[in-house]
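Visitor: Letter by letter, the chains look like this.
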Amino acid sequence: MRSLQREPGVLLALLAVIALVAVFIVYPQLRVIATPGAGYVDFITGGTWVRSTWQSIQVMVLSTTTAVLLGFVFAYGMVYTNMPWKRFFRVIGILPLLSPPFVVAAAYVILFGPRGLISYGIFGQTLNIFGLGGIWGVQTIAFFPFAYQLIADVLTRSDARLEQAARNLGAGPWQVFRSVTLPLSRPGLGAAILTTAIYVLEDFGNPALIGGTYTVLPTQAYGLISGFGDLPGATAVSTLLLGLALVLYVAKIRLDGGRSFVTVSGRASSMPRPPVPVALTWTCFIACLMLSVVIITVYGSLLVSALTLNFPTVLTPTMQHFEYITTGTNGTALQNTLVFGLAAATFSAGFALLAGWLVERGAWRGRRVLDFLLIMPAAIPGLFFGIGYATAFNEPWLDWLDRGVLIIISMIFWNIPVGYQAAVAGLRQIDRTMDEAATSLGASSLRGFRDVIVPMLGGSLRVGFVTTFVRAVTTLSVVIFLFTPSSTVATIRIFQLVNDLNFGRATAFTVADIGLAIMALSIMAVLARGRIALGAARA
Amino acid sequence: MPDIHLRLDGVTKTFGGVNAVDDISFEIPRGAFATLLGPSGCGKTTTLRMIAGFYDPDKGDIVLSGKRINELPAHRRGTAMVFQDYALFPHMTVRDNVGYGLRVASVAKEERERRVNETLEFVGLGKLGDRWPNQLSGGQQQRVAVGRALVLRPEILLLDEPLSNLDAKLRVQLRYELRALQQQLKMTFVYVTHDQDEALSLSDWIAVMNAGKVEQHGTPWEIYYHPRTAFLADFVGAVNLVPGTVREIREGRAVVSFGERSISVPIPAGTTLSAGAAVKLCVRPEALGLAPRGAAADGAALPGTVVRKAFLGDLMRYWITVDGREWIVDQPDPGAANDFDGQVTVAVKPERIHVIADTSS
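If you're matching them up, the sequences are chains A and Y in order. So the first sequence is numbered by this note's numbering: it starts at 1 and just counts up by one. So the second sequence is numbered by this note's numbering: it starts at 540 and just counts up by one.
One or more of the hints may lead you astray.
Stated by the list, open to error - If you want a taste of the chain A side facing chain Y, the calculated C-beta under 8 Å gives, among others: (1) PRO114; (2) ASP431; (3) MET434; (4) ALA437; (5) SER440; (6) SER444; (7) LEU446.
No wet-lab data here; the hints were simulated from the structure. Don't be surprised by glycine CBs; every beta carbon is placed ideally from N, CA and C.
The whole structure should be built from the sequences, with the hints applied where relevant.
Guide: This is the structure we're talking about:
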C-alpha cells in the first residue's frame, strides 16, 4: 500500500482499472440480476423455467460427453502418437474456432434439412431434423474442437520425462497412461470438460436455429424478449443461466485455479514421448480422418453454398451472394465486424495487459478480488452479458452513446479474461528482477512497464489480440440485444438470413466472417515472424 | 569520525509472521566495499532489497548520506543494483541496456553516447556494444550488468550475488576485477554473497548474518580470527570447535579444560570469562601442526590417530581423533611435507586458540 502512495502514476492507473471493471463488468450484471425484482416470484411459480432448465442440462450433458470424447481422441492422437498428417489435422482442429459456432447448424440444415444434400439429395427423405437430436449432433461437431484444444493443452503439459521414467521402470503404454498421465492430468482434464460444458450451456445460436420447440435457457430468454417484450422474465431466465454457469465455473476454478481458456498461441515444443502401439496410432489416425471429413463437409458445404445459386438444388456458380453481402447495409455489417473486432481486440489486449501487470506485480490489498472480477466474464454467458449491457446502458441520458461503441465496449470486457490470463501467464515467465532492474536504474514502475515489460510481453499481447478478435467477430449472443440497423454485424446478419432460409447469402456472410478471422491470424503470424504459424496455432 | 555513507538502524522485515530481517543495525563508511555474508535464508538479500527500495522495512530507518530514505521510491534513491541473474533487458542491445538509465534520466543524446562508450571501455566491452544479451557469455553479461549500473554514477552500488552464476575460475578472476573497479572509483559497494572466500577476499567490511540477525561485523581479519560465536567460526572457513570449561583466570589468561587436558589461552578483547564458564576452543585447521608420535611438538602436544585424509592440491587435510574427538588439521604444501598415517601428534600453539563463550548450553 505504501509503495502505491509513493507512485501516484501506478495508483491512478489502478483506480482507472477498478473504475472500468466496476462500471463495465460488475454494474451491468447487478442490473440484470436486480431487474426482475418482485417478478422472481411470478417467474418461479410460473414454472416455464423447469422444462428449459431440464432441457438445458440434458443437452449439455449429452453434447459435452460426445464433444469431449471426440476431442480426447483427437488430442490423444495429436499429442501421443506419431500419426501422419498432423499439420493437416491441426488446421482442421482450429478451423471451427475461427467461425461462429452456430454456422454448424446452418450447414446441418443444408445437408440434412427438408431439401438437404444428404437427406433429400442422396436418400430422398424429408426429415424432421429439429429438436434434441439435431442440437446434440450439431453441438458435438461445433464444440469438439474446443474440447480438443483444451485437452491437448493439458496433455501437452503432462511431463514427458515422467512417462519416459515410467516406461524405463517397466510399465507398458497403457499402464503409463493409466498410472502416470491420467492421475497427473486429471484436474486439467476435469477443468477442460467443465469449460466445454460451459461453452455448450451458453450456446445460443445452434439451439435457436434448429431447436424448434426444444427450448433451452438461452433461447427461452431470447424468445421472451423478442416475442413478448418480457424483460423481467428474460432477465430471470438469464440469471438462472448465469447461476448454472457459475456453478460449473467455480468447480472448474477449484480444479485448475481458473487458468484454462482457449487461446491462440504458439505451441511449445516438448521432449519426445514414449512410443504408443502401432494399432493405437492408426486407430487415432482413422478417427481423426473421419472427424476431418465431417468438418470439411460442414465447411465445404458452406463454401459451395456461398458460391452457387441455390445449393443444393441449383448448382449454378455465382458471385451474387458475395455481391449482396458487400453492398448497402450488409457491406456496413461486414465493415462493422472488422472495425468492432479490431477496436475491441486492441483495447481488450492493452487493458488486460495493464490490469494483469497491476494485479500480478502489485502488493496491495484486494488484488485477489480484482483478479476474480477480471476472470469472471469467462463464466458469464454471452446472452447474459448482452442483456446486461442492454439493460444498464439503455438510459435516455446515454442516448449520445453510439451503439457501435457500446458493442465494442461489451466485446472488450466480455473478452477481458483471454488477454488477462495471457498477460498473467506471460508475466509469470518474466522474473520480477526485470521490473526491479528498470526501477533501480531510475525508471518509475510505469516507465519500466512501458519500456521493459510491454516489449517482452509481445507474445501475450498477440495471443490476447488474436483470440479477442476471433471471439469478437464470431459472437452472436453478446450483440443480439445490442445491435441497431446501423451497427449490425456479420453474425447477426447470418443469424437473420438463416432464419429467413436464405442460405446462399447466409453462407456467403459466414465465409466472409471466417475469412476475417483467418486474415487476422495470418497477419499476426507474419508480424510475429512466423512464431505463430497458422498451421501450428491453437485457437 | 569516519564518514558514514549508509546506516541501518533497527531495521526489521517480517514475511508471513517470520522475521526475515530482525532488528539489524550497522554503519558502512563512505568508499567501503561492504559485504553481507550469510547462508541462504539469512536475510542478506532482503536487507539489500530494502536498501534498494524493493521492500519496505516494517520497522527501523535506512539512512543514506545522512538522509532517511524509507519513504523514497526505489527509482529516486540512486542505488543502482546488479542482479544475480543480471536482469539484462533481452529486447535491447548491450549499448541500449547500458544507456537505459541515462535515457530515463533524459540525458542528452551526445552526452549519453559518450558516457555509454566510456563505460563499455571501462568494463572491457568496447567492441560488443551492438550485440544482444543472448549473444554474450555469462561473464560478458555480468560486465554489462555492472556497466549498466555504473554508468549512472550511482551514490551507492548494490550487488546481489553477482558472481554466483559463473563458473569457478571466471568467478575468481571477476572477483579481483570488481575489487579493482571499486578502488579505482572509490565508490561504496554493498555486496551480498554466501561465499566466504569471496567475502574475505573482496571486502573492507563484512557483516555475517544468520536467521535475520547480524551475528558480527568487522574487517575480514576480525571475522576470520576472532569470531564471536560458534556459528560464525563454523560458517567462515573450516574450524575445530572443542567444548571446554574455564577452570581459572590467571594473569589475564584463561585456563580451559577439555576432556582430560587443559591449556592456558589468551582471552580475546571484549570477552569476559569467569571460572566455571562453558566455552568453545576455536582453532583453524591450518594453525595446527603435525608431527610423528613422540617427536617434539611446538606448543601443546595432543596424541592422535589419522582417520582419513584428503589431498586438496595446495594442502593435505587430515581428520585425526584425539581423545575420541575428531580434529581437522591442514598441512600446507603437501609435496614438501611428510605424509602422515597412524599414530601422530597434533601440535597446538595456545596463542592460536580463540576462545568463544558457549551460549548454546
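Visitor: When the nearest CB of chain Y is found for ASP431(A), is that gap smaller than 8 Å?
Guide: Because about 7 Å separates ASP431(A) from the closest Cβ in chain Y, which is inside the 8 Å limit, the hint holds.
Visitor: Regarding the hint that SER440(A) lies at the interface with chain Y, is the smallest CB-CB distance below 8 Å?
Guide: Holds. Min distance 4 Å.
Visitor: Return the status of the interface hint for LEU446(A): holds when the least beta-carbon distance to chain Y is below 8 Å, violated otherwise.
Guide: 10 Å, violated
Visitor: How about MET434(A): closest beta carbon in chain Y under 8 Å, or not?
Guide: 5 Å, holds
Visitor: Go through the hint on SER444(A) and say holds or violated, using the shortest Cβ distance to chain Y against 8 Å.
Guide: 5 Å, holds
Visitor: Please verify that hint: ALA437(A), Cβ, nearest Cβ of chain Y, below 8 Å or not.
Guide: 4 Å, holds
Visitor: Could you check if PRO114(A) really has its C-beta closer than 8 Å to a C-beta on chain Y?
Guide: 59 Å, violated
Hint compliance for this structure: hints 1, 7 are broken, all remaining hints hold.
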